[in-house]
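Asker: So the chains spell out like this:
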Amino acid sequence: MRTRLVIGALGLVAGIAVAGALVVTWHVNAAGAAGPFAMHVASASDEPWITKTVTACDKKKTVIVEGYRQGAVLPHEKARQVAKLLMALMKYCDYRVLARLPQQETTVYLSIEGRPFVEMREVEQNLPLLLVHGGVPHTEREMRVWAAEQKRVIEEGYNLFHGSSLGTNGISCDMCHPNASNTHPETYPKFQTQLKAFALLRDMINWCIENPMEGKKLTGDDPKMKALEAYILSARAGKALDPGKH
Amino acid sequence: MLRPENREKLFTSLRQMSRREFFSATGKVAAMAAATDLVMQFGHHIISYAPHSFQPVELAYGADKFTFAYVSDTHLFARGMTHRFAKAAMKAVQDVNAMSPPPDFVLFGGDLAQLGQAEELKLGKEILDELKAKRYMMVGEHDWYFDMGEKWRELFGNPWYAFDHKGVHFVVLNSVIVEDYWTAPKMKPMERMLFMAQLDNPKGRPFTVGEEQREWLGKNLAQVDKTTPLVIFSHSPLYKYYKPWNFWTDDAEAVQKLLASFTSVTVIHAHTHQVLTNRIGNIHFHGVLSTAWPWPYAPEGLPKLTVQMDRADPFNQFDGCGWGNVDLLATGQANKIYRLWDRNPTVVTAAQMESGKAATPGPSY
Numbered sequence: 001m002r003t004r005l006v007i008g009a010l011g012l013v014a015g016i017a018v019a020g021a022l023v024v025t026w027h028v029n030a031a032g033a034a035g036p037f038a039m040h041v042a043s044a045s046d047e048p049w050i051t052k053t054v055t056a057c058d059k060k061k062t063v064i065v066e067g068y069r070q071g072a073v074l075p076h077e078k079a080r081q082v083a084k085l086l087m088a089l090m091k092y093c094d095y096r097v098l099a100r101l102p103q104q105e106t107t108v109y110l111s112i113e114g115r116p117f118v119e120m121r122e123v124e125q126n127l128p129l130l131l132v133h134g135g136v137p138h139t140e141r142e143m144r145v146w147a148a149e150q151k152r153v154i155e156e157g158y159n160l161f162h163g164s165s166l167g168t169n170g171i172s173c174d175m176c177h178p179n180a181s182n183t184h185p186e187t188y189p190k191f192q193t194q195l196k197a198f199a200l201l202r203d204m205i206n207w208c209i210e211n212p213m214e215g216k217k218l219t220g221d222d223p224k225m226k227a228l229e230a231y232i233l234s235a236r237a238g239k240a241l242d243p244g245k246h
Numbered sequence: 001m002l003r004p005e006n007r008e009k010l011f012t013s014l015r016q017m018s019r020r021e022f023f024s025a026t027g028k029v030a031a032m033a034a035a036t037d038l039v040m041q042f043g044h045h046i047i048s049y050a051p052h053s054f055q056p057v058e059l060a061y062g063a064d065k066f067t068f069a070y071v072s073d074t075h076l077f078a079r080g081m082t083h084r085f086a087k088a089a090m091k092a093v094q095d096v097n098a099m100s101p102p103p104d105f106v107l108f109g110g111d112l113a114q115l116g117q118a119e120e121l122k123l124g125k126e127i128l129d130e131l132k133a134k135r136y137m138m139v140g141e142h143d144w145y146f147d148m149g150e151k152w153r154e155l156f157g158n159p160w161y162a163f164d165h166k167g168v169h170f171v172v173l174n175s176v177i178v179e180d181y182w183t184a185p186k187m188k189p190m191e192r193m194l195f196m197a198q199l200d201n202p203k204g205r206p207f208t209v210g211e212e213q214r215e216w217l218g219k220n221l222a223q224v225d226k227t228t229p230l231v232i233f234s235h236s237p238l239y240k241y242y243k244p245w246n247f248w249t250d251d252a253e254a255v256q257k258l259l260a261s262f263t264s265v266t267v268i269h270a271h272t273h274q275v276l277t278n279r280i281g282n283i284h285f286h287g288v289l290s291t292a293w294p295w296p297y298a299p300e301g302l303p304k305l306t307v308q309m310d311r312a313d314p315f316n317q318f319d320g321c322g323w324g325n326v327d328l329l330a331t332g333q334a335n336k337i338y339r340l341w342d343r344n345p346t347v348v349t350a351a352q353m354e355s356g357k358a359a360t361p362g363p364s365y
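Those sequence lines, one after another, are chains A and Y.
Residue 246 is where the first sequence ends in the numbering used here, and the numbering goes up by one at each step.
Residue 365 is where the second sequence ends in the numbering used here, and the numbering goes up by one at each step.
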C-alpha cells in the first residue's frame, strides 16, 4: 500500500515561510529543527490558481505550494511541511528540483532537471531513484575504486594473454593475436562454423586454450576467463558491435 | 628509361649480333607485344622492355636463372620433435627437400628458437641439418636476446656476411640490433628475452642494422659492380611498416641509401609471418612466411603493393603458414612464390611490382 507523505505537526514558526530571502549555510541538522535553510517565498501571480513558490538558498530546489493567495501566511503545519521537504531535497545536490505540493493532499510530486513530475513515496526515507546513483554524482573515491578495479582485471587478463600459463606447450595467446587483434570480440555471439555451435567469445577462448595451447579449458565464471574477456574487449574498445558477423 | 651508360652497351651488343639473332630478337619483341613481362636474352645480355613503349628499360649481365628456397620463423621450443612447431619445421624441411629441381640453396630467415635457449637452437639445427641443399643462416631476435647470440654464433657462425652465386651478390644482415635498455634496470637474461619476444610490447625498442654493419655493408658493396643484381636478407623488414609491433628497422633509410645505386635490388625479410610486398625506388621487398603461426596484418602502415593473404583459419594449424622460394630471373630481379600450406601458392612477380599496380584491398583485421 502506498505510503503518503505525512508531515509531522511540530512547531515551526509560520513566519519563516514568508521571510525574505536569507542566506544561511546549509548543514545537516536534526529533522524538524528550524532554520537549516533559508527560503525565499514569492507568489506566482501569473498562474491561474494562486501558488506560492519557496526556493532554497541554493536557488535549485523549489517547492510550489498550491492553493494560497498572495500575502497569505502559510499555516504552521504547511510551512513545516515545506521546510522539511526542502531539507530532504538537498540530497539531490546540484540538480534542479521542482516539488509540487497540492493543497488538499499530502502527496508530493517531483520534477528533477526538467523531467516530468513523478509521485514521491516515503519521502523521509527514500527519495525516488530518478537518476542513476540516486541523482548524486559519483564521489571521487567511487571513481577511483571503479578505475582501479577495471585496470586490475584488464591487467590480469593482459598477463594471462601474454604468458604461457594457460597452456602446456609454451604457446601464448599474443603469439597469434598481438594487441588482441584477430580476436573479433565484437562479432560474438555467433554460429562458429568450425565448432558447429553457437558460440560466445569465451567458447572461442577455450578452444584456443585447449587446442593450440594444449591447456585445460576454463569455466565461464572463472576469474581468469573474466580477466581475459576484460582485456580482449578493452583492446577492441570503440569497435562497433556486430554480433553474428562471420 | 635505358640508363646512358647501358645504352652504349646495348647498341654494341646489337651491332655484335648476327643478322639471324637480330631478326629473331625483333620478332620476339613483336610477339610479346601483349605480354606483361618482356624479357629478351641475347646470349648473356639481357634486355627487358616496357610493354607500352618497347623501350629497353634495363640491362643486366651474367645472371643465370636459378631458384633458392627459404624456411623461416620456426620459433622452436625445447620440447622435442612432437611439439607442433617442431613438426611444422620438419614439414617445411621435407617440402624443400622434395623440390624438383632442387633449389640452389636454402636460406633460413631467423627466429629458429622461441626463447633463445641452447636446447631450442640445437633442436633447430638438428631439424635444419636434414636439408639436402646448402643452407645459409640468418639470425632473429628470438635467437639472440637470451645470451646475446652466443649460442647461435657457436652453432652457425657470423650473423652477417656476403656471398656470390651465379652472378648475384647476396648479403645476410643481422637487423635485430637493439639499443641496450636492459643493463640499467639489471634485467636478467630471461627477462630480456621475454621482453624482446613480445611483439606488442609497448616498452619495446626498435630494431636497427647499426652503424658497424652499415659501414661493413658500404665497404662490401663498394667492391660490387652496380649492374650486379643484389639480394639482401634481413630478419626485420628494411623499411618502416608498423612500429608498435617492431615491423620496422629504425635505420632503414640509411641502409636503403647504400642499395639505391644498384640496378636490381631485392630484399627478402622474415619476422612479419605474412605475405608482404613493398617497393621503394629500385628496391623490391618481400616478407616471408613462418612455419609456426601467421601474424595478422598491422592496423596501419601496410605497403600499398601488398596483396594480403586471407585470414588464416585457426582450426587448421598449418593455414597461413608455410615456406617458399624465390626465382631469380635472368634480369636479376625476383619472382617470389609463397608456398602456403593447404592453399594455392601465391606468386608475386617482379613484373607486377614494376607495374606498381595498387593491390586489391584485403580483409580487415
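It should be emphasised that the hints constitute simulated quantities derived from the structure, not laboratory data.
Being a predicted model, the structure only gives us computed values, none of them experimental.
A couple of the hints might just be wrong.
To be verified - Okay, derived cross-link-like pairs now, DSS-like style, lysine-lysine, Cα gap no bigger than 27 Å in a straight line:
{"no.": "1", "chain 1": "Y", "residue 1": "219", "chain 2": "A", "residue 2": "239"}
{"no.": "2", "chain 1": "A", "residue 1": "224", "chain 2": "A", "residue 2": "190"}
{"no.": "3", "chain 1": "A", "residue 1": "151", "chain 2": "Y", "residue 2": "65"}
{"no.": "4", "chain 1": "Y", "residue 1": "166", "chain 2": "A", "residue 2": "216"}
{"no.": "5", "chain 1": "Y", "residue 1": "87", "chain 2": "A", "residue 2": "226"}
{"no.": "6", "chain 1": "Y", "residue 1": "166", "chain 2": "Y", "residue 2": "188"}
{"no.": "7", "chain 1": "Y", "residue 1": "304", "chain 2": "A", "residue 2": "224"}
{"no.": "8", "chain 1": "A", "residue 1": "217", "chain 2": "Y", "residue 2": "203"}
{"no.": "9", "chain 1": "Y", "residue 1": "65", "chain 2": "Y", "residue 2": "203"}
{"no.": "10", "chain 1": "Y", "residue 1": "240", "chain 2": "A", "residue 2": "151"}
{"no.": "11", "chain 1": "A", "residue 1": "239", "chain 2": "Y", "residue 2": "257"}
{"no.": "12", "chain 1": "A", "residue 1": "239", "chain 2": "Y", "residue 2": "304"}
Stated by the list, open to error - Sample of chain A residues facing chain Y (criterion: CB under 8 Å; computed from the structure):
{"no.": "13", "residue": "76"}
{"no.": "14", "residue": "175"}
{"no.": "15", "residue": "181"}
{"no.": "16", "residue": "186"}
{"no.": "17", "residue": "234"}
Ideal placement from N, C-alpha and C gives every residue a C-beta, glycine not left out.
Asker: Determine for every hint whether it applies to the structure shown.
Answerer: So, going through the hints one by one against the coordinates:
{"no.": "1", "hint": "Y:219 with A:239", "in the structure": "violated (50 Å)"}
{"no.": "2", "hint": "A:224 with A:190", "in the structure": "holds (22 Å)"}
{"no.": "3", "hint": "A:151 with Y:65", "in the structure": "violated (58 Å)"}
{"no.": "4", "hint": "Y:166 with A:216", "in the structure": "violated (53 Å)"}
{"no.": "5", "hint": "Y:87 with A:226", "in the structure": "violated (33 Å)"}
{"no.": "6", "hint": "Y:166 with Y:188", "in the structure": "violated (45 Å)"}
{"no.": "7", "hint": "Y:304 with A:224", "in the structure": "violated (40 Å)"}
{"no.": "8", "hint": "A:217 with Y:203", "in the structure": "violated (31 Å)"}
{"no.": "9", "hint": "Y:65 with Y:203", "in the structure": "violated (45 Å)"}
{"no.": "10", "hint": "Y:240 with A:151", "in the structure": "violated (32 Å)"}
{"no.": "11", "hint": "A:239 with Y:257", "in the structure": "violated (40 Å)"}
{"no.": "12", "hint": "A:239 with Y:304", "in the structure": "holds (24 Å)"}
{"no.": "13", "hint": "76", "in the structure": "violated (69 Å)"}
{"no.": "14", "hint": "175", "in the structure": "holds (6 Å)"}
{"no.": "15", "hint": "181", "in the structure": "holds (5 Å)"}
{"no.": "16", "hint": "186", "in the structure": "violated (12 Å)"}
{"no.": "17", "hint": "234", "in the structure": "violated (14 Å)"}
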